[in-house]
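Engineer: Each chain, written out:
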Amino acid sequence: MYNNLSIKLFGNVLDNPIIPASGTFGFGYEFAEYYDINILASIALKGTTYEPRYGNILPRIAECQAGMINAIGLQNPGAKCVVGEELVKLSKVFKKTAIANVAGNSIEEYVLTSEIFDKAQSIMAIELNISCPNVKGGGMHFGTDPKIAAEVTKSVKSAVKKPVIVKLSPNVSDITEIARAVEGAGADAISLINTLSAMRIDLKTAKPIIGVGTGGYSGAGIFPIAIKMVAATNKAVKIPIIGMGGITNAYDVIEMMYAGARAVMVGTQNLIDPFACKRIIEDLPRVMKELKIEKIEDIIGRTTLNG
Amino acid sequence: MYNNLSIKLFGNVLDNPIIPASGTFGFGYEFAEYYDINILASIALKGTTYEPRYGNILPRIAECQAGMINAIGLQNPGAKCVVGEELVKLSKVFKKTAIANVAGNSIEEYVLTSEIFDKAQSIMAIELNISCPNVKGGGMHFGTDPKIAAEVTKSVKSAVKKPVIVKLSPNVSDITEIARAVEGAGADAISLINTLSAMRIDLKTAKPIIGVGTGGYSGAGIFPIAIKMVAATNKAVKIPIIGMGGITNAYDVIEMMYAGARAVMVGTQNLIDPFACKRIIEDLPRVMKELKIEKIEDIIGRTTLNG
Amino acid sequence: MNNVILTTSLNREISKDTYEIILAGDCADNKPGQFVEIKLNGFTLRRPFCIAHSTDSTMTLVYKVVGAGTKYMSTLTYSDKLDVLTGLGNGFNTMACETSRPLLIGGGTGIASIYNLAIELKERNPIILLGFRSKEDAYYIAEFSRLGEIHIATETGELGFKGNIIEYLKTSKIDYQYYYACGPMGMLRELFKFSKNGEMSLEARMGCGFGACMGCSIKTTSGYKRVCKEGPVFLAREIVFDV
Amino acid sequence: MNNVILTTSLNREISKDTYEIILAGDCADNKPGQFVEIKLNGFTLRRPFCIAHSTDSTMTLVYKVVGAGTKYMSTLTYSDKLDVLTGLGNGFNTMACETSRPLLIGGGTGIASIYNLAIELKERNPIILLGFRSKEDAYYIAEFSRLGEIHIATETGELGFKGNIIEYLKTSKIDYQYYYACGPMGMLRELFKFSKNGEMSLEARMGCGFGACMGCSIKTTSGYKRVCKEGPVFLAREIVFDV
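Chains as they are written, first to last, in this note's numbering: chain L, 1 to 307; chain C, 1 to 307; chain X, 1 to 243; chain B, 1 to 243.
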């Protein structure tokens with residue numbers, strides 16, 4: 001049913017633009033204990049690799065004034081288990097399709113993992129995580145070199161039928177260069193921004209708080225950086241953009257869509273408030289009325305960035 | 001007089017590691033209306049170009065949840081006026097030496113401006129701003145390409161006698177690459193991080209809040225990014241590092257020094273609290289006692305970053 | 001400039017979305033046209049406010065709820081404490097009209113600043129022009145009536161002249177030599193086109209409020225000046241309005 | 001899990017840097033060993049706290065001031081409101097020791113969690129071992145005395161056995177089949193080496209507290225488990241302590 005909150009993505013009409021971001025919502029079904037998750041547009045699943053991974057040593061979390069650093073290190077039970085068990089549990093409580101988030105150590109692993117998800121009925125699209133700053137290999141380096149980013153994209157695209165979203169790293173000199181490269185390689189959409197490489201130190205021990213030293217910074221503190229990068233990317237490419245980075249409320253959703261996002265992902269806020277996505281969806285009509293916005297789809301990219 | 005707060009920099013003993021950052025303290029003398037600025041280690045002056053500049057159109061400021069975006073655009077009266085008038089006013093109320101901050105449109109302009117400051121007695125060192133994101137040309141592009149960064153550094157170094165500090169941009173894929181380049185070109189120290197490119201949008205008009213569209217994001221929200229970059233740079237180079245980015249209190253100073261900073265610059269906090277530097281200096285002995293630190297110089301780079 | 005902690009005595013809505021807050025504490029040395037910068041919990045930058053009235057121990061500010069900061073401010077209540085920088089900027093030059101009857105022109109929350117000036121100039125029976133959008137936006141009318149000869153304009157025509165206050169000034173035969181104005185940029189620009197015989201207090205999005213960041217610099221006939229430091233009051237003739 | 005707003009009734013220091021806060025509101029369905037996550041003004045992440053005691057309408061938490069968050073928390077006073085997630089995690093399995101006299105072992109703020117369990121197991125006259133650093137750190141001794149047979153160890157030797165509580169357990173001839181433990185990791189590791197016949201509540205630096213972020217995953221003999229979701233109470237024998 002089309003309504004004032006609806007947006008189109010990959011030919012589907014989504015009820016609203018709100019999608020929980022990968023890594024902040026598990027495999028989704030546990031949030032069904034808290035509210036009816038069918039109100040969400042979709043769900044981006046926890047980052048998945050071909051083989052199971054334990055992830056990094058603890059501590060994996062460090063707090064910041066307006067956000068947090070995480071270094072989970074892609075803990076996941078492996079793609080086959082995700083499709084065979086986690087998606088089965090999710091399908092019982094979620095009647096829509098989800099977005100798989102795929103990470104890997106090699107282009108081959110990206111392809112193999114994507115192929116597994118490509119066959120799953122409950123998957124709408126595959127998001128390639130080429131920007132995770134928390135694991136050596138399989139992470140960020142795929143997202144900081146335009147050639148490698150394009151190669152991963154092209155390889156996965158030629159192996160799967162479902163739409164492919166490429167998730168970009170902000171830890172680059174020019175994000176639009178990577179965006180253009182993956183668009184050229186056939187990406188169906190771009191999501192950005194992933195976390196920023198960051199660090200906190202325990203003042204009592206002088207050691208990094210995060211067990212592996214550094215991690216990815218997310219939350220309200222990165223929102224102004226995300227807005228800029230979404231606006232710049234929107235100017236550089238024609239494919240849809242899924243905007244994320246520090247969204248905490250319905251006003252932030254509007255700002256992100258003005259900057260060029262067709263849909264948005266809410267991340268860290270889910271960890272602070274398990275009802276965050278529900279509250280944002282419920283608050284959007286009020287905020288749209290206040291800002292005299294009738295249809296949310298009309299505002300995508302309304303802000304133009306000069307220069 | 002050497003004391004527990006003292007640090008050595010360029011062969012000088014500074015009373016403490018606290019220096020107001022360029023662009024947040026004007027040319028210093030106006031803060032003498034508020035407190036005795038001689039308690040500061042030094043002062044980094046407003047960014048100066050060869051010719052006078054008006055700077056960008058208004059608005060130049062946008063607020064963020066944990067910081068602000070500015071796009072002043074290097075408003076300044078030109079190097080000759082700074083030395084002839086502003087430094088004269090400063091010398092009347094400040095008995096120590098200041099750090100000139102030099103920006104330019106060309107390598108030649110960097111050299112000419114630096115030469116003017118090199119002759120000024122009240123200048124301790126010259127900080128090359130190769131990372132201002134707010135002006136076209138003369139700004140960030142000098143700081144995102146290691147070859148150009150090295151060339152600017154080398155040219156200025158061969159023209160001046162005073163120590164040269166190179167101020168790095170965080171808007172790069174790998175800040176250590178630039179750091180090594182400027183170290184190789186003869187830089188005497190590195191200061192980091194400058195502001196992150198960012199943007200906010202006015203929800204009522206859907207236009208960028210900043211007149212020129214985007215600006216540089218500073219304040220507490222960038223602190224975790226600054227800590228990471230300082231730690232990484234400290235591992236990459238041997239020359240002293242002046243750390244900055246979102247320092248708001250004495251605890252942040254300790255964290256920044258653990259990460260590898262020999263001195264620190266306090267920026268945005270001066271704009272929120274004109275007494276910020278004074279309060280931090282006065283609070284440092286208490287915080288050091290709490291953390292069982294005797295001499296602050298001992299903690300520089302105490303945290304090691306693996307990987 | 002002083003950095004003081006002031007305590008809320010009263011905070012009430014005096015017209016649509018417009019609030020009057022009375023703060024107690026060390027409020028000495030605030031002249032008409034000067035402003036304060038207030039740190040609000042949960043917001044990074046201080047907010048500038050013009051002063052409607054001040055004594056050595058109290059200060060009355062008028063503000064309009066326009067964003068999250070002022071919305072939060074409207075929730076402050078008796079005994080809430082605020083970190084305030086007082087005595088900022090340069091105020092009106094009351095000597096400038098010594099030989100004539102002063103003309104005061106205010107619009108929106110700028111009217112608050114004019115009120116403080118009217119109190120100071122009361123002995124000289126100032127002419128006071130006040131512009132509001134509509135009747136429900138109007139405030140301080142009774143207060144101004146006690147200080148001089150008041151003229152009102154509303155865009156809706158509900159009170160006084162129908163139209164903006166500068167149109168009223170143009171059509172009326174008010175006799176004046178020198179004006180003092182405070183209000184939105186649109187109003188000041190109109191006034192500037194009509195007459196440069198006076199001084200105006202400008203508004204700007206500020207970073208610091210005390211001259212450090214150059215966030216609010218404007219072009220003047222004598223170079224670049226900071227609204228927060230050399231201003232907010234400028235001679236009309238020195239302002240370069242095309243910037 | 002419930003998301004509720006609770007109101008501070010009382011907040012007081014009960015031993016050195018250790019506070020007891022009593023909150024009122026909807027506190028139903030909190031079992032011994034479960035925990036709450038509190039949003040504190042000005043801090044991004046919620047803070048986990050174990051529950052010393054709860055009824056349907058009140059909840060007592062014990063916390064130690066160790067950082068800026070708990071320091072802020074110690075300033076809360078009567079009528080201050082808090083956003084709380086309650087009923088988090090899985091608590092102690094009180095059925096596990098049905099055939100024997102329960103042994104409860106607590107250290108530091110973990111003692112609070114043991115208190116809630118002692119109340120539930122009171123009828124079965126539990127043996128209660130409490131470890132503190134020194135006399136000034138001790139709390140709840142009188143309260144525990146009413147619930148079972150208590151044994152105390154302090155590192156300074158000021159109260160009870162001189163040394164840590166696990167050393168005491170080793171040297172004493174306490175007869176037990178199954179223990180319940182909560183305390184610092186060092187204590188639990190020592191206990192684990194000595195005996196695996198029981199269950200322990202773990203502490204961890206958490207992101208969310210309800211299983212979403214995988215920030216607190218530990219290795220167990222049956223795969224990776226989240227302290228906040230599958231825990232915080234685990235069978236001792238399933239914990240892999242070398243991670």
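No lab work stands behind these hints: they were computed from the structure.
Just to be clear, a hint being listed does not mean it is correct.
[Said to hold, decoys possible] Lysine-lysine pairs mimicking PhoX-like chemistry, simulated, CA-CA at most 25 Å apart: (1) 204/L x 235/C; (2) 71/B x 292/C; (3) 207/L x 207/C; (4) 8/C x 207/C; (5) 162/B x 39/X.
Engineer: Kindly indicate which numbered hints from before are broken by the structure, ordering the numbers from low to high.
Structural biologist: 3, 4 and 5
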